[in-house]
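2 protein chains.
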Amino acid sequence: MWRLHQFPLCPFSRKLRLLMGEKGIPFELWRENPWEGTEDFLALNPAGRTPVLHDPDKRVTLCDSQAICEYFEETVERSPMINGTATGRAEIRRLVALFDENFYFDVTAPLLHERMKKRLVLRQPPDSKALREAMKMAHGHLDYIDWLIDNRPWLAGSTMSLADLAAAAQISVADYLGGIDWKGHEQTLGWYSVFKSRPSFRPLLTERMEVIQPPKHYSEIDI
Amino acid sequence: MWRLHQFPLCPFSRKLRLLMGEKGIPFELWRENPWEGTEDFLALNPAGRTPVLHDPDKRVTLCDSQAICEYFEETVERSPMINGTATGRAEIRRLVALFDENFYFDVTAPLLHERMKKRLVLRQPPDSKALREAMKMAHGHLDYIDWLIDNRPWLAGSTMSLADLAAAAQISVADYLGGIDWKGHEQTLGWYSVFKSRPSFRPLLTERMEVIQPPKHYSEIDI
Ligand SMILES: N[C@@H](CCC(=O)N[C@@H](CS)C(=O)NCC(=O)O)C(=O)O
Ligand SMILES: N[C@@H](CCC(=O)N[C@@H](CS)C(=O)NCC(=O)O)C(=O)O
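Here the protein sequences come in this chain order: F and G.
Just so you know, the first sequence maps onto residues 1 to 223 in the UniProt record's numbering.
Just so you know, the second sequence maps onto residues 1 to 223 in the UniProt record's numbering.
Same shape as in the complex, but just chain F:
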C-alpha cells in the first residue's frame, strides 16, 4: 500500500490526500517532520520536503505533490481532476500554481511559520505584524476566489478539478491556523462549505496537530 509521508498541516500533502480520496486510492499516513531533515527522509526525497509517496513493496518513491497528482491522473481513470480541452487543462494548472505558490507563499507559509513552527519547534511567540500581513494577503486571495466563483460553478470551470482541491487544501490550513476572516467572502465560503462535507475532506477536518487547536468553526460543516 502507498505510504504518504506528511504532517497534518502540510497543504501539499492535503491536496494529495484530497485527490487520492476522490479517486479512491488507498494509502496510509506516515508522520514526517521535514524540518528535522533526517537522513532517512533525505534519502527518500533529496529536496527534503513533504509530501513523499512511497510503496515499500514495489520500491517506488514519488516526490512533489504536483508530480504525484499528474501521475495519478495518468494512471487512475476514476474522477479525473485535470480534464477537458488543452486550454481548459492549462487553466486548471495555472490556478493550481497560483494556490500552491502564491497563496502558499503569501498566506499559508507565514502562518505555518508563526503559529506552528514557532510553537512546536522554535518555542517563540508569533510575530503579530507577520500574522496581520498574512491575513491581509488572505483577503486579497479570497477576493479573487470570490470573483472566480461568481463567474464559474467551480474554480477552473464547469466541473470540480485539481484547482478546487489545491485551493481547499491551502485554505483549510490557513483556516486551522486562524488566518481566515470569512466576513465579506460569502461566495468562497459557500463553495468551501460544500467542499467540507465531501468524504475526502472529513479525515482532514477531524485531525489535530499536537497542541495547536483550530478555531471552533474550522471543522463545522454548517457555518
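Warning: the hint list may mix true and false statements.
[Stated by the list, open to error] These stretches of chain G come out as covered by chain F in the derived footprint (C-beta under 8 Å, 3 or more residues): (1) 56-63; (2) 67-80; (3) 97-105.
[Unchecked claim] Here are the in silico distance ranges between beta carbons for each label pair: (4) I212/F with W30/G: 45 to 51 Å; (5) W147/G with R78/F: 35 to 41 Å; (6) R78/G with A130/F: 44 to 50 Å.
Hints were generated in silico from the structure; no laboratory data involved.
Given the structure is predicted, the values throughout are model-derived calculations rather than measurements.
Positions of the beta carbon are idealized from the N, C-alpha and C atoms, including for glycine.
Starting from the known structure of chain F, arrange chain G with the ligands on it as the hints suggest.
Positioned in the frame of chain F, the structure of chain G with the ligands alone reads:
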C-alpha cells in the same frame, strides 16, 4: 503568433523558450518587467509573474511556465519532453520542481535580487554575504546534478527531457550573474556544454540584459 511576455533573465521564461525552440513553435519576445506590476500585465496574469504566453488574434492567454509546458506537451507531438512510463514522467516532473523551486529559491532568486534588481531597480549595492550564500547553495545543487549525470545519460533518464531544460534554464541565469563556480563540477559542465551548442539555446546566450554583463565564459561554447 504567440507573444511571450518575459525579461531576458527570467529562468522560467528561459525554460519555456528552450521547450518552444526544441519543438519548433514560433513566438516573438515581448519585454515585461513583472516587478512594475502594471495594470495591463496584471490583467493578463493576476499572479503578476512572467512568463505569460498570449495570442492576441486567438485571444488565448496562458500563465505559469509549467502549465504552458504541459500544454505544449499535449498539443505538439514533436520532441516530446515529458515522455516514457508514468513513473518516468513523475521523475521528470520531480526534477523540474526541484530546479524550478529549490534551485530557484536557493540560488537564482537571491542572485537576481542582488545583481539584477538592486542594480536596475533599487539602485543599491549587492550584499556580499547573500551572494556568498547563494554560491554555496549552487555548489550543493551542482553536486546533486553531477551525481545524476554520473548515473544517467540525461538528468531524468536515457533521453533529454524537460528536467534538462529546467536545470539549464536556472543554471544559465545563475551563470550569467556570476553565481556558478564550475571548479569540481566537470560532469555538470560537460552536460551543460553540450546543451549550450543546441540551436534552441543560442538565442539565450547572445542576449544581454541592460547594463548587466555576464562573465566571459558565459556564452562560450568550448570551455
Ligand atoms: N512544490 C512542493 C512543495 C512542498 C513543500 O514546500 N513542502 C513543505 C511543507 S508544507 C516542506 O516540506 N518544507 C520543508 C522545507 O522546505 O525544509 C510540493 O507541491 O510538493
Ligand atoms: N512557477 C512560476 C514562477 C514564475 C516567477 O516566479 N516569475 C518571476 C520572474 S523570474 C516573477 O515574475 N516574479 C515577479 C513577482 O513575483 O512579483 C512559473 O513557472 O511560471
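Numbered hints the structure breaks, given as an ascending list:
Those not satisfied: there are none.
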